[in-house]
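J.: Work from the hints to combine the two standalone chains into their complex.
Protein chains in written order, with our numbering: chain A, 1235 to 1556; chain B, 394 to 669.
If you're looking for bench data, these hints aren't it; they were derived computationally from the structure.
Since this is a predicted model, take the numbers as computed values, not measurements.
Glycine residues also receive a C-beta, built at the ideal position from the N, C-alpha and C atoms.
Hints are supplied without guarantee of correctness; some may be wrong.
Distance windows between CB atoms, simulated [to be verified]:
id	chain 1	residue 1	chain 2	residue 2	range
1	B	N405	A	P1317	31 to 41 Å
2	B	A544	A	K1365	52 to 62 Å
3	B	G424	A	A1436	52 to 62 Å
4	A	V1386	B	F423	31 to 41 Å
5	A	W1381	B	K428	23 to 33 Å
With a cut-off of at most 30 Å between alpha-carbon atoms, the simulated DSSO-like pairs for lysine-lysine come out as follows [to be verified]:
id	chain 1	residue 1	chain 2	residue 2
6	A	K1467	B	K569
7	A	K1365	A	K1424
8	A	K1385	A	K1442
9	B	K664	B	K569
10	B	K654	A	K1534
11	B	K443	B	K514
12	B	K404	B	K569
13	A	K1385	B	K443
14	A	K1534	A	K1469
15	A	K1469	B	K569
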Amino acid sequence: MLSYSSLQLTSPFNHRQTLLSSAPRRGITSNDSYASVLPCRPRASPSLISSLPPVARSLPENSPAATLVDEAEQGAALSLPSPLRRELLPSHVAIIMDGNSRWARARGLPSSLGHEAGYRALKKVVEHSHKWGIRGLTVFAFSTENWRRPKVEVDFLMMLFERVLKEDILELTKDGVRICLIGDSTELPKSLQNLSKEIIEATKNNTKLDLSVAISYSGRRDITQACKSIAEKVKHGLVEPEDITESLVAQELETNRILEFPYPDLLIRTSGELRLSNFLLWQSAYSELFFTDTYWPDFKEANYVEALASYQTRQRRFGQRI
Amino acid sequence: MEKHSQRPEPKNLNSVWRFLRRCLFSVLSFGPMPKHIAFIMDGNRRYAKKMQIKEGSGHNVGFTSLVSSLQYCYEMGVKYVTVYAFSIDNFKRKPEEVGSLMHLMKEKIDQLLEEESIVHKFGLKLNFWGSLDLLPEPIRSAAEKAMVHTANNTGPVLSICVAYTSTNEILRAINKSCARFEDKTGEGSDPANSILVTDLEENLDSASCSEPDIVIRTSGETRLSNFLLWQSTFSHLQSPNLFWPEFSLRHLIWSILEYQKVYPYLEARRKLCQES
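Isolated chain B, as found in the complex (with noise of 0.2 Å):
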């Protein structure tokens, strides 16, 4: 007899599902699309407690979600996507979890330089802020090698924060500012006309990209941790209350729904408050 159905192929099946929601972020476009959201990638440890797996398989299956989620938020046109990897307060942790955070870095670094990851398919630019000479030789070496090998890339842009805190980011600021100062003057300028707010914000590591529209904190604390203190002033906050690993696509479009609803007055507050 002949098979008159067959089961359809793991590659249709993914073409039908890209298809499918290829049409629901252009039904979500009819309205303001964020241009940069940032995540905290909270929860990956309890998620794993709670599921009962290895304490350290929660941050890979923390990897996935993320790479998943970068793949719709780019799907959806977003240009940049900034994520909290690593904070200087992290170092503070058993050296065994730190250790293996390390580790798990340096290989989804690699893993992120393949031909196959979602950097070759949409042309990423990838960016690591924070105090990089604190991470241990191989995972900084690993960071600039793939920010040089990024570095032309017209793509979106991922921004990784590693052995980042806020507060260090504006400390570098302020010494790149002051020393700035020190140079342009020589004699006898008053600082207090020289440095202004635009000084340091060209000075931090996220001169190059536009202030985050929405933050999204995972594992529903509400708290940014010191991420993107400043440039998270006039940013939208989310909280869900789900652990990062658990972040899927409903929860991203749920959202973006969040911040389309209040995007006129956003938009309107964000004019009035332009900082000369």
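Just chain A, with the same shape it has in the complex (with noise of 0.2 Å):
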């Protein structure tokens, strides 16, 4: 064990001396069910989601789609990274994309690029998580805090977002790669809008990667929607007062909406900030946080698998002994 001495000038929440432990890992596991300790929708686990809407989507067995997702799943294991496992990755892994500005001002140069480095990370990525076999992915593009950012490089996101999601589009579709907006898109440009109503469309029968992009996000706004869309049920008579649980909350988040697996396993911030800045508050009770100080346009495959490694690492108890 790790303990800091006045001498040691790193930050004692230093995720580099988390070693990769030779001990067997133990605890509960990412995919145990883990609804008995979770006060929202559980994982995986049949005799818990029998008692909660069904929201997972399913393949017939011995369908030509079951197979060729077996063969993917396969393909995955034999392409991890040595020290990854593919039984303990997580299955939701969620990021803050932080750094593109500081990145761009450390060469000089406008944030905008900083933020067109961003993507290129962000696109080596999902790669990644595609190849690995991570079923879901969150990112954290752009915050209703961001708003107040100058106008010119708002403009350039929103002409960012825009771009990408119609030159990527085919090769996501190509790569089953199931497109998700959370946040709240009135905000948005109306052709942003209208772009994201058809990415979504045209993605939304595909399995191999739910890969959420939270534009205009904000964490609590998200609870309180949610607390409207129950205000709403109570007013129409459709829940009784007494029924408003934890679990009818989290059905009404926009994560649970859309993701076959709402709760991060794993959050990752980079540039080195230790906050959670508004980003999937209820979601990430019990996620593994990871932080590095790596700038987000620097963040690489060496570090993707330094944070998965990490999470291997962990041992999740959800409030139980061990």
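T.: Quick look at the structure:
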């Protein structure tokens, strides 16, 4: 166990010191059902899902699509970098892609180039996630607070979002990636709103990877809109006040409505900032957090492997004793 | 022969130590000081195992560590301290362990109300956040009595989260917001315009406290485990790799120095992020 001395100049919150353990990983793994400890919708366990509205999509056995998925999963296992183990990978990874502007400033470049570089890094992470069999990826592209940035930067970002959605849609569809958008779309430019709807419709049947992009998103507003939705249902007599439970709240969150695995197992934040900044507040109640000093445009495969390897060593207890 | 050098009495040593601390805190206060620190006191049992002492003793040592940390925080001028004492999830542990933790909690709540305790020393106001109705009656009564007893205190605030999870806290806030909405409107008003982010905030257990500036989780685990999810959204998260009973003054000072290092950036982001 490491403890920091008064001479240590690095942050105590130093994941590079969280070394890969040679001891077997104990605790509840990401593939176990943790419905009994989580307040909200569980994953994967048939006995638990039966009491809740079906959300997970499943393929009929022996269908050509099911065969393709099995083959793809086997292929994914074979392409894993060496410290990673398929059965210990998280099902859902969330990423706060922070540091584009600072990356650009450090190089004497305009922030727009930082965002472009950030997009290239995102493409690579989507590719790796897809290759390694991670089923859900949620990225924080633009928060409600980001609207206060300079107009020039905001306009550029909106244009960038439109451009990448147009350019990469074919590739994403071919790779079986399903695109979802979470956040307040009413604040987005009309053209981006329309394009988003087209993309969502075009990729809705894809099953390899759920890529959820949070644009104009706020975790607090997500919970508030869930509250409004529940109040509406109570007003119309669809729900009794005494039936308002954590499960019901969870079902009304944006992520629950569209993602197969709405709760991230691992949440990564780049650029050295140690906070969650209003991202997936409810959903990350039990997420393992990984913080790295690397700026987002510099986040490469090795960094991603480091984060996933760190996740593999974590002992997830959900308040219980192992 | 005269005894020309006698051992200083412990009282004198305490005074010297207190004086040194005051000097140290004065230096520290040249930088920005946090107003609210939250602790996830993790690692009591693993500490007991490491020190090869009885399992329950880890929690006792943890309580001592808590009282020391509270003393240092309040001497430094920290106004609010929040601690995660017992989660709703912890009820799923073995009944013997839950029973022993409940017993310990009752004992420590009673101890906090004694004359010589830190509550009287600093004029603390005590809050107990959580679904207190889940607690056995003796502990619930003790908690309620402690809150009533200290309600008029004007000193720093100690908030103890017991039978608490953040999602449960948010759920209770949602229930209150929905109930108020129904009371307010009777004839068809739109929830979309009537329920705001601030409505939920006002109905959280933490409504009377500022948001934590720092959240410290000991034992090296880097997750929030359903603690202050709403309130810690802009907090500086720290995860020192030591068990809670080992957390001492030098770790607290390091924590504050880390906070002071990033404070200008944090404060700029916080101002930018004030939600209407």
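J.: Keeping to a limit of 30 Å between CA atoms, is the pair of K1469 of chain A and K569 of chain B held or broken?
T.: Distance of about 14 Å is within 30 Å: holds.
J.: Decide if the proposed pair is consistent with the structure: K1534 of chain A and K1469 of chain A, CA atoms, cutoff 30 Å inclusive.
T.: violated, 50 Å
J.: For the pair supplied as a hint, K654 of chain B and K1534 of chain A, confirm whether the alpha-carbon distance does not exceed 30 Å.
T.: With a Cα-Cα distance of about 27 Å, the restraint between K654 of chain B and K1534 of chain A holds, given a limit of 30 Å.
J.: 52 to 62 Å was suggested as the range; check whether the CB atoms of A544 of chain B and K1365 of chain A agree with it.
T.: Hint holds: Cβ distance 59 Å, inside 52 to 62 Å.
J.: Given the hint that K1365 of chain A pairs with K1424 of chain A, test it: the Cα-Cα distance must not exceed 30 Å.
T.: Not OK: K1365 of chain A and K1424 of chain A at ~34 Å, beyond 30 Å, violated.
J.: Given the hint that K664 of chain B pairs with K569 of chain B, does the C-alpha gap stay at or below 30 Å?
T.: Given that 30 Å is the threshold and the Cα spacing comes to 28 Å, the pair holds.
J.: If you draw a straight line from the CA of K1385 of chain A to the CA of K443 of chain B, is it 30 Å or shorter?
T.: It is violated: about 56 Å lies between the C-alpha atoms, which goes past 30 Å.
J.: The hint says 31 to 41 Å between N405 of chain B and P1317 of chain A; measuring C-beta to C-beta, is that right?
T.: violated, 56 Å
J.: Quick check: does the Cβ-Cβ distance between V1386 of chain A and F423 of chain B fall within 31 to 41 Å?
T.: Since V1386 of chain A and F423 of chain B have Cβ atoms about 38 Å apart, the given range 31 to 41 Å holds.
J.: Take a quick look at whether K1385 of chain A and K1442 of chain A sit within 30 Å of each other, Cα to Cα.
T.: violated, 36 Å
J.: Holds or violated: the 52 to 62 Å window for the beta-carbon distance between G424 of chain B and A1436 of chain A?
T.: The hint (52 to 62 Å, Cβ to Cβ) holds, given that G424 of chain B and A1436 of chain A are roughly 53 Å apart.
J.: K443 of chain B and K514 of chain B were given as a pair; does the straight-line alpha-carbon distance stay at or below 30 Å?
T.: violated, 33 Å
In this structure, the hints that do not hold are numbers 1, 7, 8, 11, 12, 13 and 14, in rising order.
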